[in-house]
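4 protein chains.
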Amino acid sequence: MTFRGVIPPVVVPLTADGELDVVSYERHVNRLIDAGVDGLFILGSSGEVVFSTDERRRQVITETVRIVAGRTPILVGVIDTTTPRVIEQARVAQELGADAIVATAPFYAILGPKEIKRHFRLIKQAIDLPLFAYDIPVCVHVKLSPAMIIELAREGVLQGVKDSSGDDVSFRNLALMRTEEGLDLTLLTGHEVVVDGAYMSGADGSVPGLGNVEPKVYVEQWHAAQAGDWDRVRELQDYAARLMRITSVTTGEFGFAAGVGAFKTALMLLGVFDTNVMPEPVQALEGHNVEAVAGVLRQAGLLN
Amino acid sequence: MTFRGVIPPVVVPLTADGELDVVSYERHVNRLIDAGVDGLFILGSSGEVVFSTDERRRQVITETVRIVAGRTPILVGVIDTTTPRVIEQARVAQELGADAIVATAPFYAILGPKEIKRHFRLIKQAIDLPLFAYDIPVCVHVKLSPAMIIELAREGVLQGVKDSSGDDVSFRNLALMRTEEGLDLTLLTGHEVVVDGAYMSGADGSVPGLGNVEPKVYVEQWHAAQAGDWDRVRELQDYAARLMRITSVTTGEFGFAAGVGAFKTALMLLGVFDTNVMPEPVQALEGHNVEAVAGVLRQAGLLN
Amino acid sequence: MTFRGVIPPVVVPLTADGELDVVSYERHVNRLIDAGVDGLFILGSSGEVVFSTDERRRQVITETVRIVAGRTPILVGVIDTTTPRVIEQARVAQELGADAIVATAPFYAILGPKEIKRHFRLIKQAIDLPLFAYDIPVCVHVKLSPAMIIELAREGVLQGVKDSSGDDVSFRNLALMRTEEGLDLTLLTGHEVVVDGAYMSGADGSVPGLGNVEPKVYVEQWHAAQAGDWDRVRELQDYAARLMRITSVTTGEFGFAAGVGAFKTALMLLGVFDTNVMPEPVQALEGHNVEAVAGVLRQAGLLN
Amino acid sequence: MTFRGVIPPVVVPLTADGELDVVSYERHVNRLIDAGVDGLFILGSSGEVVFSTDERRRQVITETVRIVAGRTPILVGVIDTTTPRVIEQARVAQELGADAIVATAPFYAILGPKEIKRHFRLIKQAIDLPLFAYDIPVCVHVKLSPAMIIELAREGVLQGVKDSSGDDVSFRNLALMRTEEGLDLTLLTGHEVVVDGAYMSGADGSVPGLGNVEPKVYVEQWHAAQAGDWDRVRELQDYAARLMRITSVTTGEFGFAAGVGAFKTALMLLGVFDTNVMPEPVQALEGHNVEAVAGVLRQAGLLN
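Chains as they are written, first to last, in numbering that gives the first Met the number 0: chain A, 0 to 303; chain B, 0 to 303; chain C, 0 to 303; chain D, 0 to 303.
Hints are computed from structural coordinates only; laboratory data are not their basis.
Treat the hints with care, since some could be wrong.
List time: in silico DSS-like cross-link candidates among lysine-lysine, alpha-carbon distance up to 25 Å [said to hold, decoys possible]:
hint, chain 1, residue 1, chain 2, residue 2
1, D, K116, D, K142
2, A, K142, A, K116
3, D, K142, A, K142
4, D, K113, D, K142
5, A, K142, B, K142
6, C, K142, B, K142
7, C, K142, D, K142
8, A, K142, A, K113
9, C, K113, C, K142
10, B, K116, B, K142
11, C, K116, C, K142
12, B, K142, D, K142
13, B, K142, B, K113
14, A, K142, C, K142
Derived DEER-like restraints, expressed as beta-carbon distance ranges [unchecked claim]:
hint, chain 1, residue 1, chain 2, residue 2, range
15, A, R65, D, K113, 50 to 58 Å
16, C, L269, A, Q298, 51 to 59 Å
17, A, L19, B, S144, 54 to 62 Å
18, D, S144, B, S144, 22 to 30 Å
19, A, G254, D, N303, 30 to 38 Å
20, C, E94, D, E180, 46 to 54 Å
21, D, M0, A, G181, 41 to 49 Å
22, B, A15, A, G227, 52 to 60 Å
23, A, M0, D, V137, 36 to 44 Å
24, B, A15, A, R65, 40 to 48 Å
By construction, the Cβ of each residue, glycine as well, lies at the ideal position given by its N, Cα and C atoms.
Can you make the complete structure from the sequences, with help from the hints?
This is the structure in structure tokens:
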């Protein structure tokens, strides 16, 4: 099993009262697979993992495994504060059918590189699946250095990285070191606006939040990159970057509310989700903000 | 029930294999109560809450309630990423016998003031206990503004604040606004090195991590402050500030490992804890670092 | 010559076209001296040093020396990016009559502790005056550690610290180390809202921006602290903290524009300054913001 | 006159006693021009502008104008804290023969977007040259938003941007907005390790610090990008990224000391500079660190 190509971080539809909307979810997952994605990353940051109770997390994994039915690999985020809690999550994910585990550095507690390395080593020991490091300093407030990642890859602790660091210099260095050492370490970029640059740097794929809304563009871009058609890669990237404006066109919102809020709203407008309900304490986009998202979709030719 | 005075954030002893060491814990809690503390704050940051599985959290609450047996109020930290998860924790804490709930702003996800206020309101609705806001930007990466706290206190959402913000200017402003509005909002400082300044600013008490090691000094300081004996308050503070060097005298460690690591090591050296074992992925202080902590204890007259 | 007590960071009046308003400045400096301040800190952050050309800096020093005429010591800020530029500024200040020099860590360039120590050593070698370190991380984005300050004090490089770090824990530790080592190092706090706490920590004086507006309160507070009348120290602090609201009562402004803007506006309303003109690119408070400042002054009994 | 293509931020050689080494400087500038660069950016961050007195700044401009003698455009950094000081610098630069002016947002003082926009407008009014915004948050601690840059470009205030923000998402958005609005705004990237990605995003050129050491690679890369030979662009980028390790291969140094220190050391090893002397308070790389830089040069085939 490989984890290369386009692997969207799956956004989750909710019912009006905040339950998982299983019908919309099935429609959404099938639409992604039909678009040709190479895998699904569930319970990531956009997959509202930190807003989900343990029970909800289990439900999301179980439903995904059922719907996917082996058609594509499933990477599962096991996001929690420290090692003992992450290991619990990872064991559940493995038991329920995950194909790979994605874990961040510890957060909340103030720890150093020594503890971060031990954290990944202990997680790996506790599971029998490929382990991806999720490098997301904007959430966990620490950046994983290329040197640390390479060290853990050499030991067999890490099989991949989901890079949401926004640090393209570091990503280039990591890709270069990985290649020079001949390590089997899969590098995926989470920055949907500059995937083309990441492919030039040597990325093995992308995890684009925006891919929830328009998966085909990213799938075509990946194939163009594989074929060395860089002008096409770039052209598709410009299209996607314009579409990404759904996340900045709103007013009065920022962060998760603006980003995932826009993805859910777009999916509602496209008829994939029944609602754009957000998990507490976040509230759904409303009124002129929904209209603003619709405007961007129209400009992109996705909505009439 | 009131929550004024000295309320240490209780540090937790572990056995060699990482289990809760109930015998040491009972000794520790009794020692604190015997020293005259006015309450206990369990499952705070020093109480390794984010390193504790849900099962461990329940065990800590249950054992504390059993040991305390009504002798002093118990505040319980319900530290988790977002509202749905915090509410689960808060309900368990209430059910197991907490006297008050302590919650931080959401963390990991990038949210704004709107969501933070809604977070505290929803938690309060879900429980039937006093609610303290835990202002700890070094862990959650957002500072609660005095204006927000006052707004939530006016609404009856917040009954207190545990301030670990390190922002004495903001704390003074909060204390002043609280007094001017006549709000019933308890203000506790978590900065054990400058409790005297916080008392001058109007703090109603302290939550000193160092109070695990030497509770009597903080108890006497509180009484001196109540009596207006500021020179004594200050003198005791200088003593405590020197003792706090157990957390900076080590080498090769920082953050949680140096801070809580030193508290546990001191408690081991004082015969209260059987070990100084730390939760994964942190490792206990060893060798010359243990000796360094012992040296500070000797200088403070706590060890021969 | 000593530098203890209340030493306001002098705010500078400008004419409508941005020149130094010498007449207002003379009135302002005399008012401060008449109120009993123990020194003047000119060309500090509130003294708009970084907005002043070299020529303006020389003018401010020259006029201050002329007006003060030996009545009180003058500390001069020599704020610039790195050692060669700071040394130029320091030599000019010494030549024009400064009694002490105040310098920050280098800024803009990314340097480490090694370079910061060498920076202070080279400045000290270039002048023949007491040297104060200006610890202001909010502007230079690095905090001077107590250990570094003590090391430089031991060497005779530093004779004092102007602490605007907002880190009361660090300040307490510095004060304690200074006392234990018996060093002749003057510690001044720049946080006008919590001077009482700083005095409890062992500060030798304060550099309150708000002291431009109401110097008498800080002078009386210093005398009360010297006399051990802590209840009075505290009471005066609460008064000053309420008056400080001139800096937060405005809307649409923050940082320098709100802070120094409010000081200048208050001084205009009190008849000390002819205008509240700000240096480019900042603009003066206007309309409802001036009214808001006036409202706070009225509540404090300073304006009818 | 245009400012597209490769425009290195020129590093400055010093004599043993810290003076400008004019002979080495002439050799260096001629080598860059001979390699085919499209312009020179002097007095940038790597050009030690903040370590240079005003007199040194004038000397660097004068010597550069003399040496270049019209062969290529000269962009001059006028880096200072606020508008009045920057305008002084900009007028001098214009008088001495600059072809364009490069200015950052104000720094040290805490200002907002309103003041930053006014800052650039006032600078532009004071000069009669193209104005580039230098977006370098790591030094000035504020990021220029694409929306602000576009607004200023529309007004004719800004003619270009030198982007050292490390924010490739923002850069992509800026490039897209610039193109959509048909603005004449030149976008240069300062990130020598990921110039390929910036070219895909639409950059009009690069300002690579590493181009001081190996200008030919960046010149060839620019030509390849113009020709649409993306595989060659990428290959050259990988070569440059490996060469950039001169800045990370040292120990005990970081920031300016490691970065510019390595550039100067490499230029010394290549026989272009006579020394690798650094401006105070920074010290030159020595011993094993010089050897480490030499090792990278050898691996890159630049040294025997």
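Should the hint that E94 of chain C and E180 of chain D are 46 to 54 Å apart at their CB atoms be regarded as holding? 53 Å, holds
Taking the Cβ atom of L269 of chain C and the Cβ atom of Q298 of chain A, is their distance within the range 51 to 59 Å? With a Cβ separation near 56 Å, L269 of chain C and Q298 of chain A satisfy 51 to 59 Å, so the hint holds.
For K142 of chain A and K113 of chain A, compute the direct alpha-carbon distance and say whether it is at most 25 Å. Status holds; Cα separation ~13 Å.
Taking the Cβ atom of L19 of chain A and the Cβ atom of S144 of chain B, is their distance within the range 54 to 62 Å? 35 Å, violated
At the C-beta level, are M0 of chain A and V137 of chain D separated by a distance inside 36 to 44 Å? Since the Cβ atoms of M0 of chain A and V137 of chain D sit about 40 Å apart, the hinted range of 36 to 44 Å holds.
Going straight from one Cα to the other, do K113 of chain C and K142 of chain C come out at no more than 25 Å? 13 Å, holds
Pair hint outcome, K113 of chain D versus K142 of chain D [Cα-Cα no greater than 25 Å]: Holds. K113 of chain D to K142 of chain D sits at ~14 Å (cutoff 25 Å).
Run the distance test for K116 of chain C versus K142 of chain C: straight-line Cα separation, threshold 25 Å. Measuring from Cα to Cα gives roughly 12 Å; hence the hint holds.
Outcome of range test on Cβ distance (G254 of chain A, N303 of chain D; 30 to 38 Å): 54 Å, violated
Would the pair K142 of chain C and K142 of chain D pass a check requiring their Cα atoms to be no farther apart than 25 Å? Roughly 22 Å separates the two Cα atoms, so the pair holds.
Has the hinted range 50 to 58 Å been met by the Cβ atoms of R65 of chain A and K113 of chain D? 54 Å, holds
Is the hinted pair K142 of chain B and K113 of chain B satisfied, with a Cα-Cα distance of at most 25 Å? Holds: K142 of chain B and K113 of chain B sit about 14 Å apart, inside 25 Å.
Comparing the model with each earlier hint shows violations of hints 17 and 19; every other hint is respected.
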